[in-house]
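*Asks:* Please model the complete structure; the sequences and the hints are all you need to start from.
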Amino acid sequence: MLLSEIADSLGLILQGNDIEVSGVNTLTDAGPEHVSFLANPKYTEQLQDSRAGAIITDKEHASAVPSAALISAHPYLDFARLVQMFAKPLGRFTGQSSQAVVHPQAVIHPSVVIAPFVYVGEGAHIGEGTRLFPGVHVGEDCRIGKHCTIYPRVTLMDRTRVGDNVILHAGVVLGSDGFGFAQAGQGLVKFPQIGCVVIEDNVEIGANTTIDRAALGETRIGKGTKIDNQVQIGHNVQVGENSIIVAQVGIAGSARLGKGVVLAGQVGVAGHLTIGDGCRVAAKGGIHSSVQPGTDLGGGMPSIEYKKYLKTVATIPKLPEMSKRLRRLEKEIDLLKKGCSAEKS
Amino acid sequence: MLLSEIADSLGLILQGNDIEVSGVNTLTDAGPEHVSFLANPKYTEQLQDSRAGAIITDKEHASAVPSAALISAHPYLDFARLVQMFAKPLGRFTGQSSQAVVHPQAVIHPSVVIAPFVYVGEGAHIGEGTRLFPGVHVGEDCRIGKHCTIYPRVTLMDRTRVGDNVILHAGVVLGSDGFGFAQAGQGLVKFPQIGCVVIEDNVEIGANTTIDRAALGETRIGKGTKIDNQVQIGHNVQVGENSIIVAQVGIAGSARLGKGVVLAGQVGVAGHLTIGDGCRVAAKGGIHSSVQPGTDLGGGMPSIEYKKYLKTVATIPKLPEMSKRLRRLEKEIDLLKKGCSAEKS
Amino acid sequence: MLLSEIADSLGLILQGNDIEVSGVNTLTDAGPEHVSFLANPKYTEQLQDSRAGAIITDKEHASAVPSAALISAHPYLDFARLVQMFAKPLGRFTGQSSQAVVHPQAVIHPSVVIAPFVYVGEGAHIGEGTRLFPGVHVGEDCRIGKHCTIYPRVTLMDRTRVGDNVILHAGVVLGSDGFGFAQAGQGLVKFPQIGCVVIEDNVEIGANTTIDRAALGETRIGKGTKIDNQVQIGHNVQVGENSIIVAQVGIAGSARLGKGVVLAGQVGVAGHLTIGDGCRVAAKGGIHSSVQPGTDLGGGMPSIEYKKYLKTVATIPKLPEMSKRLRRLEKEIDLLKKGCSAEKS
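Residue numbers (numbering that gives the first Met the number 0), protein chains in the order written: chain A, 0 to 344; chain B, 0 to 344; chain C, 0 to 344.
Warning: the hint list may mix true and false statements.
The list makes no distinction among identical chains, and a pair is therefore deemed to hold if it is satisfied within one copy or across any two copies.
[Unchecked claim] Mimicking DSSO-like on lysine-lysine, the simulated pairs with C-alpha atoms at most 27 Å apart in a straight line are:
id	residue 1	residue 2
1	307	330
2	323	337
3	307	317
4	189	41
5	306	41
6	189	145
Rather than coming from a laboratory, the hints here were simulated on the basis of the structure.
*Replies:* What follows is the structure, given as structure tokens:
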């Protein structure tokens, strides 16, 4: 691909020679056949030693590029778009495998790719251009939209609904039973989970993440939301659009997250609460009560307002010393009080 | 189903017309064909607008029900039982698939349902009425009891023993190797894990949960215990009867939990300790030493007695301010001391 | 096996009769046909009641062994080696199943064992003596070395490279997409993850652990490193040799861990930082900035130097009381100040 073609396609300004390139790489690993990028100024010093054939960067840093520069207002975003142009999809099987089991009452678009060992149950619908990797399970009456990529061993339990352009990574489980029991005299009685899971368009869900079906009604993930690996989402949870949920987060039943919420890694959210639009919670946070829109939170148990958290966390290691100083003050006051009484008497 | 039939079956008192109903739903989503319930008084105000054909609730709230009421001493429990009457099992395949691989030396009750892509190894036994969903792996010499439901992609490694009426959700792994190594000069030497996993009757285990086989002997989950998704249970752990282990909990090797223990989400339990009967640990707790029966614990690292935790956690955000006040006091005392010496001199 | 054969094989000294034994067990469960061990002195009192035919222990405790003793400088290590002599591999299938799908362009050593429902894609290479359990997915162009054990449902996405003598437990996912998105006006744009995962020799990875492929370049796990169940490792992470990563740890993208690092259960490591050789982090720790080699850390958010953590954590529950004492001191100082002014006036 010529640099001028890339510039045209992404709306960038080419500075330097219009050479042919064949791939992308980091500043340190790129060769003359690669395009690289500089988005974070802290890596500026890597520019001069980079062997990249061209570098996408902003106007300010373009002059320091030793090779051709592709000038962009959003270098990271435009590099991501360029990588999309070079990336090849995973998996090279095609067609519908005779070693898959597809129920004759399932409705499958002819363009759907079905790898070996896929199971598609009665009443399932699968839309145009969707690809099912080996070992995918599509339970009875599931609906999957168009142009989805469903990687190996993903399990969609019965009646799960998935929109268009959804990516589900290996080992994802959608529609497992929510965790609901009623206490009876002789032990716990299962509350059957008869609701379902709905995944809206353009959602991506990471490897081995689990999303439980609703007890009654729906568990729903809003469009454009991105969920990382090993996240656990309980029954009847509602996640708004364009939220970001990082690895190993757990969200308990019936929690409601707004739009554009960001939960960093290993955060826990208790059940039956609301997290407003645009809230962000730092890694390992614990949310035990509802949060107003736009709030940033940090710290663990529970999380508190982020700036307060930064001050608090800096003080915690001083606690043992504070405790000592407190004891010393108490002694000194005792001495002063004795002094006072001595003077008075 | 007639309301009078439901009342008879569950031992409830019907107040109002004996209409026909066909399902269950929440107060807000139910229509005239549905039965709903009110168990938590904080939702009482939803009663008046509910279109439900009938509502299960207690004596106290029955008068506020706008439709028929089914009066119960335990509304949530009786609603759960009603849902069981309406719920249909997932999966509509039947029989034993020719696309499964079942070893001729495995002993399978003729009523067992075996979906495609199931593997059953030599020497395995599977009891009456058990259902194996697609892609289940039953390793050599496993024993599975009667009326179990084993959802897609569950892996039972060799010699795992599962009782009756057990439910294993998609992606569960039972009998993976425990994490045991001995330090040698050249690195770590594997301690082969030659024990097994035993799951007693009426246990339910959530999606993608992992339970390791014992190094020697058994890892055991007591009857009636319910385990949520993505829980990790180490080798040689013993969990007592009717315990509740919420999502993403981790229990390290050789820990012993009593009966009726409740571990909330993301709790961590260290190895080789004992948690007494009836202990409860709040979300994200860390248990680093043995706990007496009946203790409630909260807080993270490690968890402490629950009431103390509530007071402590309220104080933590005041730490930066406390630190300032401490410094001010020290200065004032210095001044007072100088004052005193000045007076004395 | 005769005790003298064991002694010869492991370089131990036999004290007592040279009897025949057929297995291994714990001190409490062993019978006369078993060898057991005593490594931790706190179990010394179990020696006298043990029915074990022989016990591996050190010189100091050998005299208290009621049966034959096998004297060792490293009893736990030598017992682990003995267990290796008795342990049988899991899985009794052999050969290459006709119910697997292996691409004709894949290069498979004739000794490789391929169970039913295995998928091996075009361009994959698998080395001598490696065993693939049912349902394993080997994506296009993967390379797997010699003598690996790959348990059921393991997923190796395309281009993953695995060394020799690697053990991957059930449900492991290698090479899922890293979590990378660029913010655009209309939402998040996927940064395609075109790198790969490299697992070096003698690594073991626990059940349902996930390791993401690099955005560009490699995610790499150094030789001899042992990873427990349900660990999440982000894109471009580098883990050094002989490290130990316990269950449910999460490591964010581009973090670099040195050699011999130990992360206990549920630790979280932020992205783009370096943890030096030999660092150890206690359970539930959170690492938010780089750590010098050889440092021990404890506590949650973030973790601090371990000895300081021990002191701090002991002070935290005293906080409510410290707060009260501080208030009392302030009042007393006010009184003293008034007293002083009164005296002066």
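*Asks:* From the Cα coordinates, with 27 Å as the cut-off, is the pair residue 323 and residue 337 best called within, between, both, or neither?
*Replies:* both (21 Å within a copy, 22 Å between copies)
*Asks:* Within a copy, between copies, both or neither: which one fits residue 307 and residue 330 at a CA-CA cutoff of 27 Å?
*Replies:* between (31 Å within a copy, 25 Å between copies)
*Asks:* Treating 27 Å as the Cα threshold, decide for residue 189 and residue 145: within, between, both or neither.
*Replies:* between (36 Å within a copy, 18 Å between copies)
*Asks:* When no copy is specified for residue 189 and residue 41, does a C-alpha distance of 27 Å or less occur within a copy, between copies, both, or neither?
*Replies:* between (55 Å within a copy, 23 Å between copies)
*Asks:* Cα distance capped at 27 Å. Does residue 307 pair with residue 317 within a copy, between copies, both, or neither?
*Replies:* both (16 Å within a copy, 9 Å between copies)
*Asks:* From the Cα coordinates, with 27 Å as the cut-off, is the pair residue 306 and residue 41 best called within, between, both, or neither?
*Replies:* Within one copy only: 24 Å inside a chain, 34 Å across chains, cut-off 27 Å.
In the structure shown, no violation is registered for any of the earlier numbered hints.
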